[in-house]
Amino acid sequence: MADSQDRKWGMVVDIDRCTGCNGCVVACQSENNIPNNLEEHFNQRRAIQWIRIERYWEGEYPNVKARFIPVMCQQCGNAPCEPVCPVYATYHNEEGLNVQVYNRCIGTRFCANGCPYHVRFFNFWEPEWPESLKNQLNPDVTVRSRGIMEKCSFCVQRIRRSTREGERDEVQVEDGDRALSPACVNACPTTALTFGDFNNDSSQVSMMKEEAMANRGKKEGRGYRLLDNLGTEANVIYLKKVDNSAGAVHGH
Amino acid sequence: MALNRRQFLTLMGGSAGAAVFFQACGIPEKELLIDSPIEMPEDLVTGIDNWYATSCRQCDTAEGIVVRVMEGRAKKIEGNVDYPINVGKHSPRCEAGVQGLYHPDRISSPLVRTGPRGSGEYREISWEDAIGRLTNELQNLEASGDQSQAVLVTNPIGGHLGLVADKFADVFGARRFTYEPLETSVVRKALSDVFGQNSMPDFDIDNSDYLLSFGADFLSTWASPTRYSRGYGEFRQGHDHRGKLVHIDSRFSTTAANADEWIRVNPGTEGLFALAVIQSIVSKGHISDSVVNALTGGDSGWLSTYSPENVSEEIGVTPETILHVGEDFSHSNHALAIGGGSAAAHSNGYASVKAIFSLNHVADNVGKKGGVILNPDSPIGGLEAAPSGNSFAEFQRLTEDMQSGTVKVLMVRGADLFYGLPDTSGFKGRSANVPMIVSFGGMMDDTTSMADLILPEHHYLEDWGTDIPLAGVGYELVGFQQPVVRPFFEDRGDNLGTKGFGDVLLALAQVMQMDLGLNADTFKEVIRESARELYALGRGSINAPTFEAFWNGVLQRGGWWDVNAKGPSSAEPDRLDGISSPVITGSGEFNLMPFASASLLDGRNASLPWMQAMPDPISTATWQTWVEMNHKVAEERGIKEGDVVTVSASGRSITALAMPNPATPPDAVSIPFGQGHRDGGRYSAGRGGNLMAILDAVHDETTGALAWAANKVSVTPTGEWVRVPKFENTVPDFPRDEHNHVIELTSEDTH
Amino acid sequence: MIPGDFQPQRPTSRQMVKLGVLGVVALGVFVAIVLGLTFHISAWLGQPVVFARSEGPDQPIAFPHTTHVQELGMDCTFCHRNVEKEAAASVPATGLCMTCHSAVGDDLDEIEKMRSLYEDGRSIHWVRVHRVPDHVHFVHEAHIRYFSEKDGIEPSQVCQTCHGDVKEMEKVKQVETLKMGDCVSCHKENSAPTDCATCHY
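These protein sequence lines map, in sequence, to chains H, P and C.
At position 172 of the first sequence (counting the first as 1) the number is 172 in this note's numbering, and the numbers step up by one without a gap.
At position 544 of the second sequence (counting the first as 1) the number is 1544 in this note's numbering, and the numbers step up by one without a gap.
At position 68 of the third sequence (counting the first as 1) the number is 2068 in this note's numbering, and the numbers step up by one without a gap.
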């Protein structure tokens, strides 16, 4: 177990690859027992999507662009959601994950108010499935009940399972192993998402992060964090969209 | 003990309260039981997950998937890392397969109609009875020599299932139709003429550096989106040089959104654009004479009619735009052109698509890196990829036959004719003259709910199958589909529950003593016997000493392929013809630009809640039918988001929710296909509008396919307002100023 | 009477009503709190051990661990064969029972019961004795692996740490409370991770 504590999970999202197809969204619903988002749930703004694709418009017809950006829990190193929880139901663990403990949560929703990324979701209802659809539920993930918060966990159940099975079979679970990677990463058809261990210098995410962040703010470096000025120290690194018509403009 | 009323009420209240109160302390009874099954097969062992490889049937392209099975239940679908088409990735639609498998509204036994058609009144019967009833009808036709009055309509099916269905229809003498709502026949025919091949070639987007796409939403719904998306990722950031994507389309689609440049053209002029590009390149002499001769038939004079200057006005762009594209295209090392979708859905569709794909001959990229990779023939004789559907014109003739009473038995599988055929075909009314409609649907849809007899088929995760890909990967590939779970309705016994379509056809043939020439009693055996042919080839991805080991290997890896068995490396260009102006019907002020929904496609996935809840990439709307229109036009007309509007085309209309956006051209509106099912389970029935139904009967001149993008419509507000179900908020997502982008951008063209 | 001396005023009848209402409300609140506490305590303690099942529950078939383990010396992992591999220890299939009992134990009622279930193709619905809630992901495999390696003992000797001396039990009962406190103290003793996300996700 010792080596598993030295890991620090992170993700790199290449927006230049993302097509906004929503493959990650459906994969996440399937893996994490997220209740079916019915029409009324959307209308009440109470739909749950641990990962979502945000679509932004720039310009107007005919010079119009749509931009896509996948947003999931940023697993902040300095998370605004954590200090506000009165019952320590959300905290930072040694693997860099911002953990939501369902059985501790009492549903104050302070954390959702604190989160600048809007990635925390409250269960306003007891989740319901028709009897037969329950056959699909993933036994590795808790079915959340009414009155508690939930959010992207970087598919911690996959991390746990693959690590344990690796220890059992005495094999090292490599970064990029599909049993370890979150469901969204495995699904993404354009490989816009990369997941791995930031503490392992030879992992793909580490190298991507280093390359992306080395020249931050300069032309060569495409890396940035969402709402970085808030000091959240997010563990999700975004790579800027390349747009030849964007001229010399790049961010702040 | 005597109680007065007051005491009685007090006690009742108290005990009811206590009952409610202490109920909470209990644990549901079922959680306190553990089952000890009779035998424990490997996949039933508690807590162990097995991943089985099979093929996905959510879209036209059968992607290789692996299904996580725990305790005999399918839990999760992921891409099969070995499978050449999708290499571990999958489309957003694949994962919802498990919801189809466990859908609460699946039909669990054969049904016979007891009420009037469409009333939904059915009675369960046994399979023996059901097959008896159908064979009875068929034998009556046989006795009178009218076998051709039986019609078998399926969705496009290839592989062994297609083979069995074709043989069944052929040996019996029934008429065989293939139905697809958004026809691929135009693209398929154009491709076969341009590249001399029946199957679709592979497009090496990965290594292309200049990709010109026309109308085809290849990143979302067109042909093999996962394969193309995989290529797109590499095209963007996989090399030192970032590729450039130029999308020419009358609608702002997902592909347009991801393009470096979206060139909006008038509907139906995509082909003209392509021809003008060819003309500009030919006139500059950036092309070999032999190709010019082949493309123009020796005399390139006629091509000048289509010079950028001559056609730019009709297309709706400046001549410079066309010349600029021509320059870039001819000067790129690995230029590639693909097209289809709405470009093919016009009266000039065939000629347009042909011109578009001929650009690849101009770029001389056939069989080359970053170009068009041709596919070899199927490694198993007689086994083909799914054919393209019969054209709309042929279906119109079928409805005329129905009218005249020469269709006695209509057998339908996977083809929702009542939903998908436009009202102008008169299919719904004329179906009353068909004495017997038989559906093989495993769930109610608009057609199955009109059937007299329902023989429910397995879900694809419970059934066998094979697949020769519609759009292959440039080498021989056979996908294998195996049951990953036992049939869900297995416990209803042999005589109830569901059965595979292939097995039912074989059973029908057996009862009627027809010889299909397949030497097998079950569909699985049919596939297994064929696999022996693959084994006998002695090459490919599975190397095994015995056939048994080979068979296991094929099922384990989800298919068989041979990377060395490639297709031809070149193709002769076919002569191009001029392109006529598109026929646009209707008197409305907007061009209607329909599109396949990213999740529901043509409506086939509408029953699945994950698909309904998946936001559309462009509008982000869910669960509804919406109309995309230009936000300024909407403002002028006082239409705001969520206003219920009536969209009418030539007298037929649907209602939908207005969704103004800044990307829709002012002269156009866009509506997705996929909603408006009368039946189809609790998640889709009666939801949204069926756009398919209101389309005019415009045909592609060459193939007779339905030109579904050739309508003009009017849009009238009804005065009602409904909140559009979507995840995002209602604040418009415009950047605050021109230099402050909402997501961060770089102009740097580096890796 | 000294001026300024505090003289409680006699409450008006209006105030009396108010006070009365307040009193009733306060009583109601008190009762609610008591009931709430009862609810929480009973929910928290509502496990077999505390509610005084000195014996384990009756099972559909009175399977005696005493006979099988104590007398015949069978290993735990012979029947609970998943325990060294996966999260769940798993109860055996009836088919496994029948490997012996198709020949052994002809005149015993319980065995006849089991055989008839087997022949009818019906499963046995055992009453669950040990159960952790849905939000706890307990993994047998990791615990067996750790303890058998650490103490150099057979996997089947690890079981009793939590399950008690099952081989002595005619009816299996729960001996440890299996509350989170038990888990955490043991994890601390063995310097196993006490990160919440070790078990809760």
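Keep in mind that a hint or two might mislead.
As the list claims (entries may be wrong) - Here's a subset of chain P near chain C, in silico, CB distances under 8 Å, partners left out:
#, residue
1, M1040
2, D1494
3, G1497
4, V1742
What the hints assert, rightly or not - With a Cα cut of at most 30 Å, we get these calculated DSSO-like pairs of lysine-lysine:
#, chain 1, residue 1, chain 2, residue 2
5, C, K2188, C, K2150
6, C, K2085, C, K2018
7, C, K2167, H, K8
8, H, K134, C, K2188
9, C, K2171, H, K8
10, C, K2085, H, K134
11, C, K2150, H, K8
These aren't lab readings, by the way, just hints derived from the structure by calculation.
Ideal Cβ placement from N, Cα and C applies to all residues, glycine included.
Query raised in the report: Going back to the hint list, which numbers does this structure go against?
Result: 2, 3, 4, 6, 7, 8, 9
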